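Please build the complete structure, drawing on both the sequences and the hints.
Per the working numbering, the sequence shown starts with residue 6, numbered consecutively.
For the record, the hints were derived by calculation from the structure and aren't laboratory data.
Computed from a prediction, not measured in an experiment: that's the story for all the values here.
Among the clues, some could well be false.
Label-pair restraints from in silico Cβ distances [unchecked claim]:
| # | residue 1 | residue 2 | range |
| --- | --- | --- | --- |
| 1 | Ala97 | Ser271 | 51 to 61 Å |
| 2 | Gly103 | Ala18 | 50 to 60 Å |
| 3 | Gly103 | Ala20 | 19 to 29 Å |
| 4 | Met27 | Pro65 | 18 to 28 Å |
| 5 | Ala57 | Gly133 | 15 to 25 Å |
| 6 | Val23 | Arg70 | 33 to 43 Å |
| 7 | Gln68 | Met15 | 51 to 61 Å |
A virtual CB, placed ideally from N, CA and C, is assigned to each residue, including glycine.
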Amino acid sequence: MGVLDATAAMLVAVAGAVVVLMLLIAGTRAWTVLSRRRDQRARAEVLPVVLAVTDGEDPPMPQGRRLRTMMGQVAASMSHKVRGADREALGAWLREHGFLEEARRGMRSRSAVRRARAVQLYVAAAPGGDPGPVVELLRDPHAGVRATAVQALGHAHAVDALPALLHAVAGRRAGVTMSGAAMAIVHAAPTRADHLDAAWTSTDPRVRRLAVDAAGYLGLADARTRIEEALVDTDPTLRLRAAVALGRIGAPTAVPALSAARSRASLGSVERRAIDAALAQLGATGRSA
6 MGVLDATAAM LVAVAGAVVV LMLLIAGTRA WTVLSRRRDQ RARAEVLPVV
56 LAVTDGEDPP MPQGRRLRTM MGQVAASMSH KVRGADREAL GAWLREHGFL
106 EEARRGMRSR SAVRRARAVQ LYVAAAPGGD PGPVVELLRD PHAGVRATAV
156 QALGHAHAVD ALPALLHAVA GRRAGVTMSG AAMAIVHAAP TRADHLDAAW
206 TSTDPRVRRL AVDAAGYLGL ADARTRIEEA LVDTDPTLRL RAAVALGRIG
256 APTAVPALSA ARSRASLGSV ERRAIDAALA QLGATGRSA
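Following this line, the structure appears as structure tokens:
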């Protein structure tokens with residue numbers, strides 16, 4: 006009987022623990038649903054305020070911590086969707102209501118989630134989209150914060166931050182993904198080849214590829230000489246991408262360099278086909294058989 010009693014007691018204890026666990030799960034789900042609904046209501050309440058600000062109005066600040074927090078989040082998400090005077094008006098309104106200082110404090114938070122949100126808010130509120138301390142967070146220990154910083158720098162068109170971004174993506178211990186950096190560069194939209202100087206001289210071939218791809222995509226004509234130099238690089242992938250980039254830029258003056266590269270490329274190789282495609286884009290098909 007003693008063994009049976011002990012077994013029964015154990016079963017009762019296990020059943021009780023299961024019930025408690027189920028109640029905790031149900032409670033957590035209920036709290037999550039309620040929290041999401043409150044956030045949705047808050048978002049619906051502050052969105053008209055943000056739109057009014059971008060229309061040049063000066064609406065009052067919504068009252069309450071939840072509404073203020075949501076105001077910052079919505080404004081940050083909207084900031085890269087507006088341009089010119091509308092964006093300047095939004096930034097000025099955020100600064101007037103203390104969001105810039107709030108963002109600076111948030112970027113020093115121990116919470117990675119708060120740091121990431123603060124990055125977006127800072128870029129939205131900073132005058133002229135000044136990257137400022139956002140650049141420092143390219144070295145943040147949390148990958149999510151680094152990714153947010155990269156994205157924010159791109160949306161802020163922070164061309165001056167590109168050297169730091171390119172440095173962060175180089176090396177074996179790179180803290181920034183290549184794809185994230187590529188998107189940031191495209192969004193930043195540099196207008197001159199020297200904006201990518203840190204990449205042209207990099208010892209990391211992946212970074213040089215990034216510069217070539219970006220220059221070709223953005224049509225940076227003054228990058229032609231740099232890209233032609235890549236046609237003789239020891240990295241075959243870089244040579245291929247250089248050919249593609251020259252075709253996109255569309256500079257006929259690149260034909261001699263492409264023709265020379267074609268003579269070096271193996272017949273039937275991917276590199277040879279890329280060079281042929283570039284020559285065709287430049288109207289030079291058949292000039293170098």
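Quick rundown of the hints versus the structure:
no. : hint                        : in the structure
1   : Ala97 to Ser271: 51 to 61 Å : holds (59 Å)
2   : Gly103 to Ala18: 50 to 60 Å : holds (53 Å)
3   : Gly103 to Ala20: 19 to 29 Å : violated (53 Å)
4   : Met27 to Pro65: 18 to 28 Å  : violated (46 Å)
5   : Ala57 to Gly133: 15 to 25 Å : holds (22 Å)
6   : Val23 to Arg70: 33 to 43 Å  : holds (37 Å)
7   : Gln68 to Met15: 51 to 61 Å  : holds (54 Å)
Of the numbered hints stated above, those contradicted by the structure are hints 3 and 4, listed in ascending order.
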